[in-house]
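There are 2 protein chains.
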Amino acid sequence: MRQLTPEALNPAILNVQYAVRGELAIRAEELRVQLKGENHGLPFDRIISSNIGNPQQKGLDQPPITFTRQVAALMEWPALADIAPDAFPKDVVARAKELHEAIGSIGAYSHSQGVPFIRENVAKFIEERDGFPSDPNHIFLTGGASAGVSLLISMLISVPHKSGVLIPIPQYPLYTATLARFNGVPLPFHLDEAADWAISIHDIEAAIEKAHREGITAKALVIINPGNPTGALLDEDTQIELVKLCEKHSLVLLADEVYQVNLHKPTTHPFTSFKKIVSQTQSPVLLVSLHSISKGVSGECGRRGGYFECTNFPADILDLIYKMVSVSLCPPLSGQIGVDTMIRPPNPGEESYDLWKKETDEIHATLAHRTKTMSGRLNALPGVSCVDSPGALYLYPQIRLPDQAIETAREAGKEPDAFYALQLLHETGICVVPGSGFGQKEGQWHYRLTCLCPGVEDYVRKLEEFHEKFLQRYSGAN
Amino acid sequence: MRQLTPEALNPAILNVQYAVRGELAIRAEELRVQLKGENHGLPFDRIISSNIGNPQQKGLDQPPITFTRQVAALMEWPALADIAPDAFPKDVVARAKELHEAIGSIGAYSHSQGVPFIRENVAKFIEERDGFPSDPNHIFLTGGASAGVSLLISMLISVPHKSGVLIPIPQYPLYTATLARFNGVPLPFHLDEAADWAISIHDIEAAIEKAHREGITAKALVIINPGNPTGALLDEDTQIELVKLCEKHSLVLLADEVYQVNLHKPTTHPFTSFKKIVSQTQSPVLLVSLHSISKGVSGECGRRGGYFECTNFPADILDLIYKMVSVSLCPPLSGQIGVDTMIRPPNPGEESYDLWKKETDEIHATLAHRTKTMSGRLNALPGVSCVDSPGALYLYPQIRLPDQAIETAREAGKEPDAFYALQLLHETGICVVPGSGFGQKEGQWHYRLTCLCPGVEDYVRKLEEFHEKFLQRYSGAN
Numbered sequence: 001m002r003q004l005t006p007e008a009l010n011p012a013i014l015n016v017q018y019a020v021r022g023e024l025a026i027r028a029e030e031l032r033v034q035l036k037g038e039n040h041g042l043p044f045d046r047i048i049s050s051n052i053g054n055p056q057q058k059g060l061d062q063p064p065i066t067f068t069r070q071v072a073a074l075m076e077w078p079a080l081a082d083i084a085p086d087a088f089p090k091d092v093v094a095r096a097k098e099l100h101e102a103i104g105s106i107g108a109y110s111h112s113q114g115v116p117f118i119r120e121n122v123a124k125f126i127e128e129r130d131g132f133p134s135d136p137n138h139i140f141l142t143g144g145a146s147a148g149v150s151l152l153i154s155m156l157i158s159v160p161h162k163s164g165v166l167i168p169i170p171q172y173p174l175y176t177a178t179l180a181r182f183n184g185v186p187l188p189f190h191l192d193e194a195a196d197w198a199i200s201i202h203d204i205e206a207a208i209e210k211a212h213r214e215g216i217t218a219k220a221l222v223i224i225n226p227g228n229p230t231g232a233l234l235d236e237d238t239q240i241e242l243v244k245l246c247e248k249h250s251l252v253l254l255a256d257e258v259y260q261v262n263l264h265k266p267t268t269h270p271f272t273s274f275k276k277i278v279s280q281t282q283s284p285v286l287l288v289s290l291h292s293i294s295k296g297v298s299g300e301c302g303r304r305g306g307y308f309e310c311t312n313f314p315a316d317i318l319d320l321i322y323k324m325v326s327v328s329l330c331p332p333l334s335g336q337i338g339v340d341t342m343i344r345p346p347n348p349g350e351e352s353y354d355l356w357k358k359e360t361d362e363i364h365a366t367l368a369h370r371t372k373t374m375s376g377r378l379n380a381l382p383g384v385s386c387v388d389s390p391g392a393l394y395l396y397p398q399i400r401l402p403d404q405a406i407e408t409a410r411e412a413g414k415e416p417d418a419f420y421a422l423q424l425l426h427e428t429g430i431c432v433v434p435g436s437g438f439g440q441k442e443g444q445w446h447y448r449l450t451c452l453c454p455g456v457e458d459y460v461r462k463l464e465e466f467h468e469k470f471l472q473r474y475s476g477a478n
Numbered sequence: 001m002r003q004l005t006p007e008a009l010n011p012a013i014l015n016v017q018y019a020v021r022g023e024l025a026i027r028a029e030e031l032r033v034q035l036k037g038e039n040h041g042l043p044f045d046r047i048i049s050s051n052i053g054n055p056q057q058k059g060l061d062q063p064p065i066t067f068t069r070q071v072a073a074l075m076e077w078p079a080l081a082d083i084a085p086d087a088f089p090k091d092v093v094a095r096a097k098e099l100h101e102a103i104g105s106i107g108a109y110s111h112s113q114g115v116p117f118i119r120e121n122v123a124k125f126i127e128e129r130d131g132f133p134s135d136p137n138h139i140f141l142t143g144g145a146s147a148g149v150s151l152l153i154s155m156l157i158s159v160p161h162k163s164g165v166l167i168p169i170p171q172y173p174l175y176t177a178t179l180a181r182f183n184g185v186p187l188p189f190h191l192d193e194a195a196d197w198a199i200s201i202h203d204i205e206a207a208i209e210k211a212h213r214e215g216i217t218a219k220a221l222v223i224i225n226p227g228n229p230t231g232a233l234l235d236e237d238t239q240i241e242l243v244k245l246c247e248k249h250s251l252v253l254l255a256d257e258v259y260q261v262n263l264h265k266p267t268t269h270p271f272t273s274f275k276k277i278v279s280q281t282q283s284p285v286l287l288v289s290l291h292s293i294s295k296g297v298s299g300e301c302g303r304r305g306g307y308f309e310c311t312n313f314p315a316d317i318l319d320l321i322y323k324m325v326s327v328s329l330c331p332p333l334s335g336q337i338g339v340d341t342m343i344r345p346p347n348p349g350e351e352s353y354d355l356w357k358k359e360t361d362e363i364h365a366t367l368a369h370r371t372k373t374m375s376g377r378l379n380a381l382p383g384v385s386c387v388d389s390p391g392a393l394y395l396y397p398q399i400r401l402p403d404q405a406i407e408t409a410r411e412a413g414k415e416p417d418a419f420y421a422l423q424l425l426h427e428t429g430i431c432v433v434p435g436s437g438f439g440q441k442e443g444q445w446h447y448r449l450t451c452l453c454p455g456v457e458d459y460v461r462k463l464e465e466f467h468e469k470f471l472q473r474y475s476g477a478n
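Top line first, the protein sequences correspond to chains D and G. FYI, in UniProt numbering the residues of the first sequence are 1 to 478. FYI, in UniProt numbering the residues of the second sequence are 1 to 478.
Same shape as in the complex, but just chain D (with noise of 0.2 Å):
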């Protein structure tokens, strides 16, 4: 029988890159396998992921909320509630027993849009934060936010080619990969490093006036709040501004918040939501906000759990869109009851809140404390240039390389960038995505890595010695 090629397959497919689990990410698997054996001959011990949020992974070990876990717990087997009541503090039995009485197994597929119930949660939180009315009609309960972002961008690209998203650049390598793999047209405008990675509003109609002669239609914009991987916090001003920009162009705003609760320094820089700006506006944009447990305080990526809202959308275009999620059954009640204990967590007076709130409290200011730590050690290093994120898990670094390394990269068949990350990678274990995933100015160079690491110290050092000694084995010098 004739072989099945790649030639052979959607070609679409073949167009999709996402750095973040691209050759860097394979490369370290296969250190990680190395160390394993006796005499490895490497010179670490042990593979840093910095290149993926990912806050409890093996070696990173952010401890998950135990609230939330406890909960859980009681899910997956309700009895143990008799058999072991005096393990689970009382609000956490109270709590499981409403999730199981509205709920029923966690083994049942739920309605496809997600457990009312939750929705009807989410939507009390929305309200809460926002001050503004949210419908539980109108929220989706996704399988994190990866999966709403790749439905909402398959539903838009309506002419191969010709349909475009705005993202900004650098951005989160998912929407490029998505709309490689839908055949849209992403519609890039760049980010003020100079400014903190602010947000040009002149660039962003550039970028629409660029597409309109190229005969693509721009049909939504991404923004992404609390920056990835820049970590920037947008303000209210340009906020208004980027609603009214949607409304002139008729643009679909794609709100990815799943930072939200990512503040480090929350009194200069807080969050406000996109739900809120539209709703206070009283605009008629069509927004979709996402969120996802995998990030915040919560980190858990594993369980495979968020939401988006849709503001402003015509019954007709939910109906579809609850067609779609139909065909994949339902997000993961894992994931949903994640939703849940996040965006409910214990209230003061209750028998969990003390411990909840110790644990939140250390995540954030580790959190805090990390990023400020790399980014002033990070900056203070010869050719690199660091901003102090406010928000996020991300530090994005711009790197001056020696010409030496340019074209040493450049003769090895590698962007610069991957070059230095991979030599990062073999001589200290620290994998890192370099920026050229994420995209950046031409002739610039950056990396991205996540305020996420054992001992911050002993791993900034590592990153230190490592540039030092590159740019010696790079200087004209040598």
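Among the clues, some could well be false.
Which copy? The list can't say, so a pair holds if one copy fits it or any two copies do.
Keeping only pairs whose Cα atoms sit at most 25 Å apart, straight-line, the calculated DSS-like set for lysine-lysine is [as the list claims (entries may be wrong)]:
1. K36 / K97
2. K58 / K97
3. K441 / K210
4. K124 / K36
5. K323 / K414
6. K323 / K58
7. K358 / K372
8. K124 / K357
9. K414 / K469
10. K124 / K97
11. K265 / K276
12. K414 / K441
13. K357 / K97
14. K372 / K265
15. K90 / K357
Hints were generated in silico from the structure; no laboratory data involved.
Mind docking chain G on chain D? Use the hints.
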């Protein structure tokens, strides 16, 4: 701003149909809400969702396997093993410890292809089942079988509206829905109801030739074994012929084997995997075999877990599949550990074994009893014929409807079987799926119902009484 209309969306989305959660299911949800009100005015007190194979749903309450849930509870909160040491059998504690060491926190992303340790266990399970080697690197854990089907079909459709996939009629509508979404062409071949839904190689050849004449290339053949909705099981001779057919026409064989342990007559109608047939015959055919934790005796639909194994796939194609799953990050860990407990049940002599045996024996016996009772009684009704399914979770009775019913249905703009099913729902609360959702020969009418129900006697009586009333209502005699 311009309003978003369905016409401005990807036109493929509009063509997607998924009857299992379609009109009937949506109406059933509305009635379920109505039932909560006082004086609901409906002639029944509960909705029985026989439209979907969802064993643990409220009202059906097939119990989860205790072993599965105990392991899962300990994975959620590992400290429980110390806090309540007497609450769990020793083998459960040992199993959870082993999994925890291999995985770490279930709140972390795993390898995108699934936890390596669990894939190794799946490979051992397949080797023991079939007697042939299996490679963990060729196994992809998924969020249920549907996720795998959707991914694979989306990759195989290389030319929109010109790449086809052969699907049995009747089929599980996931296949047509996925083809519609990715602009693939369904190439139907009919199963022979008079021969207990047998497959005819000749009919598949005819479908390939017809496609060829229309400029459509058949890329893959879908086989559902045990069948859905038919419950039929293939014999090995037919399986060998199907493999040869795939070789001859260079078709990828997509073997949906999610009902492989739902066997009601295992002596006369055993299950043989396509992996075994391909291995035995040393066929070079590209095979994807799909399995799930949602069916079988596990019934863990809500966890979203499953796997597919690729046989004879070239390395570059496996790399592309890996790239695509990496964009979705990873399957839910709750589903992954569900796969592990399904394929590694307790062994004889271990503390959990007796209970596991009792629970699974009961589920098997109940399903076999219900299927036999339901098919026997349905067969005895005037105008109904129903193959006595040896496998899976469904029956697919054919109903011969009075001309007057057909005319009335047509006047109401309904398919006659949807018209029948809607009346069944409104009069009894039983929700089934009309045959038009699965496919049937012109002029024939069917419906699919699950063999999951509370109290089979009472349930079948409702079906009988409704059917006789329906015939009276539309017989020429009134």
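Hint check results:
Taking the closest pair of Cα atoms, K36 and K97 come within 25 Å of each other only across two copies (20 Å); inside a single copy the shortest separation is 44 Å, beyond that limit. Taking CA atoms no more than 25 Å apart as the test, K58 paired with K97 passes between copies only; the shortest distance there is 15 Å, against 32 Å inside one copy. Taking the shortest Cα distances, K441 and K210 sit within 25 Å of each other inside one copy (17 Å), while across copies they are farther apart (52 Å). Only between protomers do K124 and K36 lie at most 25 Å apart by alpha-carbon distance; the minimum there is 22 Å, versus 49 Å within a single protomer.
In the homo-oligomer, the alpha carbons of K323 and K414 lie at most 25 Å apart only across protomers (19 Å), although the nearest pairing inside one protomer, at 44 Å, exceeds that limit. In this homomeric assembly, K323 and K58 come within 25 Å of each other (Cα to Cα) only across copies, at 23 Å, whereas the closest approach inside a single copy is 38 Å. For the homomeric pair K358 and K372, the shortest alpha-carbon distance inside one copy (21 Å) is at most 25 Å, but the shortest distance between copies (58 Å) is not. Proximity of K124 and K357 under a CA criterion of 25 Å is satisfied intra-copy only: 21 Å inside one chain copy versus 44 Å between copies.
Taking the shortest alpha-carbon separations for K414 and K469, only the intra-copy value of 20 Å comes in at or below 25 Å, while the best inter-copy value is 75 Å. In the homo-oligomer, the alpha carbons of K124 and K97 lie at most 25 Å apart inside one protomer (20 Å), although the nearest pairing across protomers, at 38 Å, exceeds that limit. Taking the closest pair of Cα atoms, K265 and K276 come within 25 Å of each other only inside a single copy of the chain (20 Å); across copies the shortest separation is 60 Å, beyond that limit. Within a single copy, K414 and K441 get their C-alpha atoms as close as 17 Å, which meets the 25 Å cut-off; across copies the closest is 58 Å, which misses it.
When the C-alpha separation of K357 and K97 is checked against a cutoff of 25 Å, the pair qualifies only within one copy, where the shortest distance is 23 Å, while the shortest distance between copies is 28 Å. Proximity of K372 to K265 under the C-alpha cut-off of 25 Å is restricted to the intra-copy arrangement: shortest distance 10 Å within a copy versus 66 Å between copies. Taking identical chains as interchangeable, the C-alpha atoms of K90 and K357 lie at most 25 Å apart only when both belong to the same chain, with a minimum of 17 Å there against 34 Å between chains.
Hint violations for this structure: none, all hints satisfied.
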